[in-house]
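Got chain P sorted already, so can you dock chains L, U and W onto it with the hints?
Chain by chain, the residues run as shown.
Number of protein chains: 4
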Amino acid sequence: MPPPVSMAETSAVYMAASVIRNAKRPLLIIGKGAAYAGAEEALRKLVEQCKLPFLPTPMGKGVIPDNHPYCVSAARSRALQFADVIVLFGARLNWILHFGLPPRYQPDVKFIQVDICAEELGNNVKPAVTLLGDTNAVTKQLLEQFDKTPWQYPLESSWWQTLREKMKSNEAASKELASQKSLPMNYYTVFYHVQEQLPRDCFVVSEGANTMDIGRTVIQNYLPRHRLDAGTFGTMGVGLGFAIAAAIVAKDRNPGQRVICVEGDSAFGFSGMEVETICRYNLPIVLLVVNNNGIYQGFDADSWKEMLKFGDATAVAPPVCLLPNSHYEQVMTAFGGKGYFVQTPEELQKSLKQSLADTTKPSLLNIMIEPQATRKAQDFHWLTRSNM
Amino acid sequence: MPPPVSMAETSAVYMAASVIRNAKRPLLIIGKGAAYAGAEEALRKLVEQCKLPFLPTPMGKGVIPDNHPYCVSAARSRALQFADVIVLFGARLNWILHFGLPPRYQPDVKFIQVDICAEELGNNVKPAVTLLGDTNAVTKQLLEQFDKTPWQYPLESSWWQTLREKMKSNEAASKELASQKSLPMNYYTVFYHVQEQLPRDCFVVSEGANTMDIGRTVIQNYLPRHRLDAGTFGTMGVGLGFAIAAAIVAKDRNPGQRVICVEGDSAFGFSGMEVETICRYNLPIVLLVVNNNGIYQGFDADSWKEMLKFGDATAVAPPVCLLPNSHYEQVMTAFGGKGYFVQTPEELQKSLKQSLADTTKPSLLNIMIEPQATRKAQDFHWLTRSNM
Amino acid sequence: MPPPVSMAETSAVYMAASVIRNAKRPLLIIGKGAAYAGAEEALRKLVEQCKLPFLPTPMGKGVIPDNHPYCVSAARSRALQFADVIVLFGARLNWILHFGLPPRYQPDVKFIQVDICAEELGNNVKPAVTLLGDTNAVTKQLLEQFDKTPWQYPLESSWWQTLREKMKSNEAASKELASQKSLPMNYYTVFYHVQEQLPRDCFVVSEGANTMDIGRTVIQNYLPRHRLDAGTFGTMGVGLGFAIAAAIVAKDRNPGQRVICVEGDSAFGFSGMEVETICRYNLPIVLLVVNNNGIYQGFDADSWKEMLKFGDATAVAPPVCLLPNSHYEQVMTAFGGKGYFVQTPEELQKSLKQSLADTTKPSLLNIMIEPQATRKAQDFHWLTRSNM
Amino acid sequence: MPPPVSMAETSAVYMAASVIRNAKRPLLIIGKGAAYAGAEEALRKLVEQCKLPFLPTPMGKGVIPDNHPYCVSAARSRALQFADVIVLFGARLNWILHFGLPPRYQPDVKFIQVDICAEELGNNVKPAVTLLGDTNAVTKQLLEQFDKTPWQYPLESSWWQTLREKMKSNEAASKELASQKSLPMNYYTVFYHVQEQLPRDCFVVSEGANTMDIGRTVIQNYLPRHRLDAGTFGTMGVGLGFAIAAAIVAKDRNPGQRVICVEGDSAFGFSGMEVETICRYNLPIVLLVVNNNGIYQGFDADSWKEMLKFGDATAVAPPVCLLPNSHYEQVMTAFGGKGYFVQTPEELQKSLKQSLADTTKPSLLNIMIEPQATRKAQDFHWLTRSNM
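Protein chains in written order, with the UniProt record's numbering: chain P, 1 to 388; chain L, 1 to 388; chain U, 1 to 388; chain W, 1 to 388.
Just chain P, same shape as in the assembly:
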């Protein structure tokens, strides 16, 4: 029996449509609640019919494909900061969305919350309209309003122009970073090459710090419910379990479908021994360990040796550092899978190609990156809040 479905109050839907119609700088945010509700079709229709810019949350990625022309992920900070009306579809104003507060948002931004849970409405912010109900059903209610009285947000508006320009410049900056030839590689180079080869229908599992955060901006999802990451609570150690679960599901439902599990080296350390399980049942998983010798930042092997010379590394190395040049790929070969030690873009392209082509064995690519590599410059510090 499917779960019971509830809809929003008719008058509230009407009011929400009206607020959207009057928006100067509208933005839709698509959360994992929309994915769970199966709202992909209705949301796509709403976005395309009204020509509205949208932004997915980490696990809302793929509800509408990341490469949709109205997806403004590449201008995320800009979009959040200047929108005057934001509609949250099954997305909540937690730390991932900076709590809905300035300076990441306009102080007078109007939030419209679509959520299945009454207790979540009005958390953190005072919303302009609340739509309590199943996200799919409520999206259809909104569509009805825009069917009755059609309306489109003009693509030639200065808001759309701002967003498009920002996306262009951000994408250029990413591409610039991705094309750097210096070695070890940086995050963007790695993810650029990964993105190029990923099958459109694969599951993407990801956990880590920079690895998860930057990876999410480059690696695209095209299908709903095909991305699993550490999510709302940022729990490390879930990645390999997620990958195994996704592979078991895929095996029955869609044989041939691959699971790509993108792990930071520290994240991989939490449950790396699950590689034994992956090999035991020969699951169609490709593991990418993006290895910077630590959490956020590590040392290169020479600096590490230098430290040991001066005394006990226990004392001098920060606890976020891991052993430089760990050969995580051997944790895979230890159990009969394929392992690759990857230091250049060419090695990355080649080994990823082989891994995806070989459907008989799991594989692990241990991808060495610059230990001090970091994100491109950000407008805001992580977790920026007005009152901190």
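A few of these clues could be false.
For identical chains, the list gives no copy identity; a pair is met inside one copy or between any two copies.
[As the list claims (entries may be wrong)] The calculated lysine to any residue pairs, modelled on SDA-like cross-linking and capped at a C-alpha distance of 20 Å, are:
(1) Lys-361 - Leu-183
(2) Lys-251 - Ala-317
(3) Lys-148 - Ala-301
(4) Lys-251 - Pro-319
Bear in mind the hints are in silico, worked out from the structure with no lab data behind them. None of these values were measured; they are calculated from a predicted model.
Relative to the frame of chain P, chains L, U and W by itself:
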């Protein structure tokens, strides 16, 4: 800001209306969820328009007045036992509704659940239709269906005839009990005289065992959210706190409104000292202690003395017995309120009249009843379940 | 099977004896742990043999009789403040003992802790010696030391002189307060007259604020394990339950033994309805309600009426005030016990005499005292701590 | 400040000594409480002076060296089953000691419990004597008794003869198993060769099922507090953390001291990634993975392939099976430590020798044993209880 409201899925509403239309022996049950949702107007319209029999739960009493011609409380067991379609409006299938199971219900009865909480749908029974949403909003959705395609359940049906006959015979039996002249009085006599004098707009608070159960069948409510009893969890000791809270609310909102607090003697013992608070703030509360010298049953004073003669009452008296002829009214006079020791119908009439007339002081009527008094014969044992 | 007994390490006992021998201003504190361990005989021997001043904690009262010449309760603050060596026998440095910290104690006071629980040793303070073991067994170990090498603390020391003088002046101050003829009575007058008549072997139960604190200083215990009060956690509402339990024990073990339950009016309000239980089983309890119309302080009836004139007492009366002149004795007569409304020393003497003489019924004395009555001037505020 | 020490009651010590003197078949059990209390010297003196047989619990091993002539570990079941007096020194009657119940014990065996915790005395069994106190202090109290009135249990008694015979036959059976030449090796062969080379002062850490249970019987401890295993609650996953902690302690206190960590392959899977930490800080740990391809029992590689042929191994392999022939040693080499794949006694001897000789790197020996290998025949099933 009022809480957000959700509605049921349109197709489910349509299906529910269709199940109701096809019912041979329909029944509506109105729970406290309907009271909280403010569904009184919509429910009354539905009941009257479709001519459907209804039953309130303890705290659903008054959503539609208890003396409404379509209220079948006086045929409660019969109504539950033979209905083929039951619509629950904010009422849940807990012990108060005998878990929705045979032999108290037909094995194939179709339940339609209207509830604000998804997790409550499908508890205990497999419902025919679930309507997830605010009870007031969902009732209006049902009304729309019956406005589009009007329908009435025939008052001349054999179901209505059965119910009317059973109500008649039950009411006659109650009246017969109420009119008994023997002393000490029985429960029905007491409640009959109380009911005769109660102001229509008073709050009724009640706790106890038989006192609460029988009192509920005789004392009528005419307004929603004006009855407070031990409710779903049957917690004893809440009565005087409820009465004080209701009195504080009434004082500001509707001066002159009275609170009638009907207590069993055992229930009163849990927090009887709150009489000091009532007197300290001179709250407009009339306390009725229906005193049978124990829980369910006690001893009369002579039997008690007899037991003491033969030894230590600690050893021989069951722990549910209380001291015979306790003068609870003196607990009220101790703090300056009025107290009445009531042994006859005449004394009851007179002292209640005085208490209601005197708006300057709280009062307590200690109403002595037959220690072995009990309910009239029941069709089922308490908490009957098929698998017990 | 009696619980297993452990003793302290021989060397620690030796060290403790040596610290005591070298004390300039020694003090023993006897806690309820000593009572539970049955250490009364050993402790009395130690006190008398070494001529050491001692102080009981609330439930340590009676381990050695309160009227023992070496009991320095009447100089409690002085004794705690200037002692240089303090031996705790089953007593813990919680709020009742002001956490063992200045300014209530010398900064360099040496504590010797005798306790059955290792985790309690060294709590709050760094003890000079810890004696882990059964309090009775450890006291005997100490006695052995003082048997081997006898030693006495000189009664003519300036410490004993200081303590004796302070006791004298405090006792004089109490007597002065007790003899005041003004009405309503004060706490000291009440407790003086109660103390005069109490049987030496009665149980004393007590709860309240000033009632418990002042009562404890005046009413004496002569037997171990015969005082029950709200104790370490100061939980109100336990008094009548304690009294009933003590009466049930006394009934079998020592018929004729009385239970005296001294209650503040607020404390009585927590479980006053238990009077019904007391009457039902005719328990040999004399209840004294020391009634000041509130918690710590109340209003007299005239001031209360004045407040009501100016508006709603709910708004103006502090929540610690109770209804003036409540007739708590009627809560007893309501259930057939004897009740006395007591306003003068003569009434108190007479009604207490009658209550103690009448072994056929429980009784309650509602003793009216001055609503603003308080303790005699104290050296320290309640719960004084150096860092507060 | 050292923790406070308590001693047992003198009379109880006397009674315990008397029960021991009158024992026909005495047995001492030395638990980890004895190790924590530092009772090694006193216990050794007691054992040798009175010539009493003793048995260590898993973490009591080494309090007296395992190769002491009075250690009857090799006749453990026999000793427990027929002893008439058992003295527990800091050992508790939990599942490891079969709850102290028949058929593993005589129904009328007399237990003497020495324990620091009163609540543990009398658990499961009714002891003959309880000695509440610090195990070291109480052992000394017992020694005093046997100093005052010397006593020895005769080595020529039939109980000592029985034990010596059983030890001889059990040791012969173990030696027989250890000397089997068939491959893959069995547990006894592996542990025999490990025991031969272990430094006397090393820490031994162990976790697993058969690996821990059988290993404990063969690998000897010579020093107190030098064995760490999954202990009372049998928690898997603690081994590598224990080993790292022991290595950190050893580094400072006794450089050159080695940590030997004996792991079952399943146990290693819980936290095998900690090998990275071991290598990062270059800790002096030798890891032995005793690999039978599963928990209790696994499959060999050929049987596993056979299963895969017939379908999905997910479906057919029991969940306790692990991937056959996993190369756990590569998990070590992945991080720069030394790894050995060991299939024969000769390889085991050689690689263990190299690992112990090389103080510059941690190492891991992946020791392949017969997947169906098990313990030698046991008198009782695991966790035998009379009432199961």
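Results for each hint:
In this homomeric assembly, Lys-361 and Leu-183 never come within 20 Å of each other (Cα to Cα): the closest approach is 29 Å inside a single copy and 30 Å across copies. In the homo-oligomer, the alpha carbons of Lys-251 and Ala-317 lie at most 20 Å apart only across protomers (17 Å), although the nearest pairing inside one protomer, at 43 Å, exceeds that limit. For the homomeric pair Lys-148 and Ala-301, neither the shortest alpha-carbon distance inside one copy (66 Å) nor that between copies (67 Å) is at most 20 Å. For the identical chains of this complex, Lys-251 and Pro-319 are inter-copy neighbours only, at 19 Å across copies versus 39 Å inside a copy, given an alpha-carbon limit of 20 Å.
Hints 1, 3, counting from the list given before, are not met by this structure.
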